[in-house]
Amino acid sequence: MDPSSLLQYLITGLTLGSTYGLTALGFTIIFNTTGVINFAQGEFVMLGGMMSVYFMHALGLGEPSAVVLAVLGATMAGALVERLAIRPVRDCPTINLIIITIGVSILIRGLAMLLWGKDTHVLEPFSGNQPIMFLGAAIMPQAIWVLAISLFLLAALKLFFSGTIHGKAMLACSFDSKAASLVGIGVQRMVLLSFMISAFVGAVGGVILAPITMTSYDVGIMLGLKGFAACILGGLGNPFGAAAGGLILGVLESMGAGFVSSAYKDALAFVILLILLFVKPSGLFGPKDSKRV
Amino acid sequence: MSYRKDMIWLAFFFGVLMFAPMLLPNNYYLTILILGCLHAMNAVGLCLLVGHAGQISLGHAGFYGLGAYTSAYLSTTVGLSVGLSMLSGVALTVVVSILVGLPSLKLKGHYLAMATLGFGIILSILFNETVDITGGPSGFVGIPRLSLFGWELSKDVTLYRAVAVMLCLFVWLSFNLLHSRVGRALRALHTSERAAEAMGVDIARYKLLVFVLSAAFSGIAGVLYAHYLTFIAPSSFGFMFSVEMIVMVVLGGMLSVPGAIVGAFFVTVLPEFLRAFENIEILLFGAILVLCMMFLPDGMAGGWNKLWAWGKARLSGAAHG
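Just so you know, the protein sequences line up as chains A and B, in that order. Number 174 in numbering that gives the first Met the number 0 belongs to position 175 of the first sequence; there are no gaps in the numbering. Number 230 in numbering that gives the first Met the number 0 belongs to position 231 of the second sequence; there are no gaps in the numbering.
Just so you know, these hints were derived from the structure itself, not from any lab. C-beta: ideal position from N, C-alpha, C; glycine also. Don't take each hint at face value.
[Unchecked claim] Some chain B residues judged to face chain A by a derived CB distance under 8 Å, without partners named: (1) Ile-121; (2) Phe-284; (3) Pro-296.
Whole structure, please, built from the sequences with the hints as guidance.
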């Protein structure tokens, strides 16, 4: 293998991986406030991409405003999911809530298929298609957008969780929701907020990824799975682990596609994921298992 | 439920299954009934694993497919007899489930879900990509019909009866298992693994046992599926079907074997009823799933128990009032 193609695969992998990381962050945020794995997370990613395409074509908006509207729309969808499907049954066992999110994901996917059809749609890259040559590797401008926006979002989330009162309140909920409510934090408000932030982060990931991989009503399934895999790989509940897990998964996948076979790239990524799990049962950056009886 | 009640239920269920074909207007309904039974086999196995032992699996569609493809390949391409192919299909499923279960079952909760999910996806990719063996995405055609001891079950009704008897056998086995030492051990390790271990329950062994058993149920269902439809495609054995299996179990009410069976039939029949609505079929499926879970938190078994208690209270109220 020559270094330039290695670099090429690395950049492709990091680009893909950062959107997996964003999806994984969405999972982590909801998991931390509710203990629920939100299987509709992938659908938020899909909504980001598909709504952008829809707003551009149906409303004749320019790409920037369509993208902003789409992300806001997906955020609203996140809020709706929490209000309509999660809050009324918040005292149910976690497994029930997880099944509800599966139902919700089928519902959202069905709606998207009905509204926008089964076709694959293309979103124009944000700033042209002219690749930039760097040490023998061709970098698409969209890849730079993806990496930059992901990094920016990560930094913003970090600031939010450590610097604002709402962020700190959400962190408190994730440590102990009963104790949080005792000190006057509206736990339900925080759950709502966590769904909105997850949907927002997911939709941003969907929007920036859509110009690279195209989008259709059913991209959410695979993206959701990859996101879930990324947070497990990094250690469930750890936002840093989720982002890192996403990057690792993306790089594994693109190296697998480049050096082994593109048909088996996902299989290869999952084989390595399984081996990693067997060696480190609580993820790469997960907590040590120290549960008391 | 007591063992006696379970057995009475099983006898009743067996009767219903045997009489059901007489009430059906045509063969199309029989097809749904057969598929329902096959799904129920999967659901019963998962009910033991997820409901009773508390070990989640999102990869059982892989076992279902492994049984189906192995038997299809051996009987069609290699040319073995159907009986032998079916046995090998189930045997391979069991061997693979042991190999997967040994390392995976050390993981807990969501990590176990991920490991089984990953396994399911790897298998589903193999079904899609090994075109020489499986026929790839367009499917595997020309599988011989199910035959037992050299006697082909060419009529759908006979095949249905064989499948139904098999399902009842699984249920009987499960009831016996749950009312035995193993059943108590599973409940103990579900409540607390450490406490169970401290009491001398060999948790690794019991977890593996129930994992392999449920995989075997799925493998047998898959084998029957292949030799019933005579055509299989990878899309039937993907991630979504693993999720659907869990949905059947939870919808039925986690701890209840009869519930899992009702859940399986419900999930099988519902899309057929919704077919009349064409485009919004999938929409309604999602909505019904969400609403069921919201309003029947303990599943259909829980809903039934509540209805039963309510009816009893009304009756005794009427008698006294």
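Hint check against the structure, violated hint numbers in rising order: none
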